[in-house]
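Asks: Chains as they are written, first to last, in our numbering: chain F, 1 to 197; chain R, 1 to 209.
Keep in mind that the hints were calculated from the coordinates and are not lab data.
Just so it is clear, CB atoms sit at the ideal spot from N, CA and C, and this is done for glycine as well.
Incorrect hints may have been included.
Said to hold, decoys possible - Quick look at which bits of chain R chain F covers, simulated, 3 or more residues with Cβ under 8 Å: (1) 13-22; (2) 91-99; (3) 104-116.
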Amino acid sequence: MSKSARNRNNRQNPLTQSGPPWGTIAFFTVIGVIVVAAIGFAGWQAFKPAEKIAGLVEKDGLERTHVETPVTYETNPPMGGPHSAIWQNCDGRVYDQPLKNENAVHALEHGAVWITYRPGLSAGDVDKLKNRVEGTDYTLLSPVQGQSSPIALTAWGKQVKVDKADDKRIGEFLKAYVKGPQTPEPGAACSGGKDTP
Amino acid sequence: MTEAAPDRQPRGRRVSLILAALVAAVAAAVAGLSLSGPDTPGPDSAEAGFARDMSTHHAQAVRMSFLVRDATEDAEVRLLAYDIINTQSAQIGMMTAWLDLWEAPKVDPGGAMRWMSGHGGHGGGGTMPGMATREQLKRLETARGEDAEALFLQLMIAHHRGGVSMAQAVLARTDHDHVERLARSMVDGQKAEIDLMNGMLRKRGAPQV
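Chain R on its own, in the form it takes in the complex (with noise of 0.2 Å):
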């Protein structure tokens, strides 16, 4: 009994030697894989609903854009409608391409807007701030030159405006590096745009908004 102990004793120390590596190899990968986790937002994620409402957001204001550039032969706002369909269509694409990767449904049948809720009074509705109805998308069709253009400028200003709310509403709901990174280029460049719309508004003598 005395003898066989010694020989026992390191084989014991060999075995947990084993399993202990053999644990921790596991445990890294574990690390490994629970990194890689919060880059990948869920389907009902803050983030996801921030994709998915944003690209309808943008899609709005792609057509107005085309809408005004089919109404008037003004360089300067056509250049701006310019601007617009190509800045927010690409970033239609870029968010449509995360949700790909998360795997997350690119509409909410529960309704838009659920991942704001409670952020400055929107939220459960269904409806996105700033969004032109469909009675104000039917008048710009039909106007034409300097009514399409006014009317143009204060569609898109509260689109705008509606579009850095939802904006800052993500921002206060994720730390996710590109989403924050997109969703403050939305921010800085729109409110940029407001200012800009409301000095042509102001140089063509129509109401600001």
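Extracted from the complex, chain F is given alone in its bound form (with noise of 0.2 Å):
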């Protein structure tokens, strides 16, 4: 039986004729079903929560007043507050020496992540650190006495303590916060400041 004539067959069967389109009332619920669906996924997609980085610490309320004496901090490295008028240069800038803490918080200030290490983290970890520093504008690395962790990762108002240089945190961190959303001053520069430690 060809196509056209099933066709015309069915239009002729009297059940059919005389119920509820129950086909089309199907297959429209169905694309319905899907498109509501597909549109509640987009929603989600576009709105959930960025997925916080596991151990980040935040902190609010940081001061951002400039001053010239000595500063404490809360935190070692500090992630914030009071600092020098002299940011600490960081265009993807590695510094063997600690630095003063009043610079590179100015730095974080601009938007830099500084990546800090404890003095006698493994030769090839520093490496690590270093590549990844002097391919990544906005950063600047260097170590720090005292440090409670073996690396460390803080952007103005947070932080992130990790124990190895391809802990995956680490791309993570940057990706969020270089330049990111929590930056006090967008569109500041990371040279022309202070240039050693």
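Using the hints, put the two standalone chains together into the complex.
Replies: Structure below.
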């Protein structure tokens, strides 16, 4: 039987002619459900809260005043607060000596991520961190005495401590916070400041 | 049975009409959403990669321009440097705003220039075309007067050539209106400045690049 002949037969069938069009209803209902699910999924994708980095410490209400005197910070390394008028250069810069906190905090204010390590970290891990920093604008690397973890990543008001240089949270932290939304002074420079430890 | 049928038929039709109307409304909403889609390049797109890397590239041009303004009193070079500082700083602002709007990271810890891989032999390595090395920047920092002018012009010509190739690379990869418009203005503007700077080198009897 040809297709058109079959259709003609269906149309002539009194049962399908008189009953509710269940096929049509089912068809549109299924499509409707799929569409609603798709919209729901898209909305969820767009508005789901960003996944939080494990072990992230956050600090609000940090002061931004410029001071010429040494500052006692609450954390080591500091996550923000009063600082020197001169920022530490942070254009993917590796420092082999400890920095003055007051200058490094100003770099955080400009949107930099400061990677620090406890002296004694293996040479292999230090090299990995150096490569990372040299390839990433708005970062700086320096050793910090007395730091409680082998490696720490600090942005303004954000900090995470890790043990190894290949911890995947390092990449996550850089993506989230280099010139990230926490930056108090977006657009400020990472060069033209203090160039030495 | 035959009497009930005429009653049931319109009700079925009403239900499917309502359903159809609902589906149409929802489909219109989806169409609206998907229309706004192409304007939002993903975090790994060529557009986002370009905005990130070109911001870094521009930042170095701004820095070199400040260095030469500190190193010379020559009005022509100082004016060119002033122009580059303002133009490229403003463009950094535009590209940063795109990344904010697209909710894309400002850096790619996987390395710069990945979006340009395969174009003109660059990419993957993380070095951007035309960038001055740390040593070259050190020389520019200490040079004074005509030495500084010539070095600046030579470095900036190479820098602009790299910038033009990056802008052309994104033009080959995007049909995003804003990205296209800014990239075109970079190609045209920087090409014109390369000619200008070669003329300035000629006038100074310094080697052209």
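Asks: Indicate, hint by hint, whether the structure satisfies it.
Replies: Hint-by-hint comparison with the structure:
1. With 6 residues carrying a beta carbon less than 8 Å from a beta carbon of chain F, the region 13-22 of chain R meets the three-residue requirement, and the given coverage holds.
2. Note: the region 91-99 of chain R has 3 residues with beta-carbon separation from chain F under 8 Å; the three-residue rule is met and the coverage holds.
3. Coverage of a stretch by a chain is defined here by at least three residues with a beta carbon nearer than 8 Å to that chain's beta carbons; for the region 104-116 of chain R and chain F the count is 8, and the condition holds.
No hint from the list above goes unmet by this structure.
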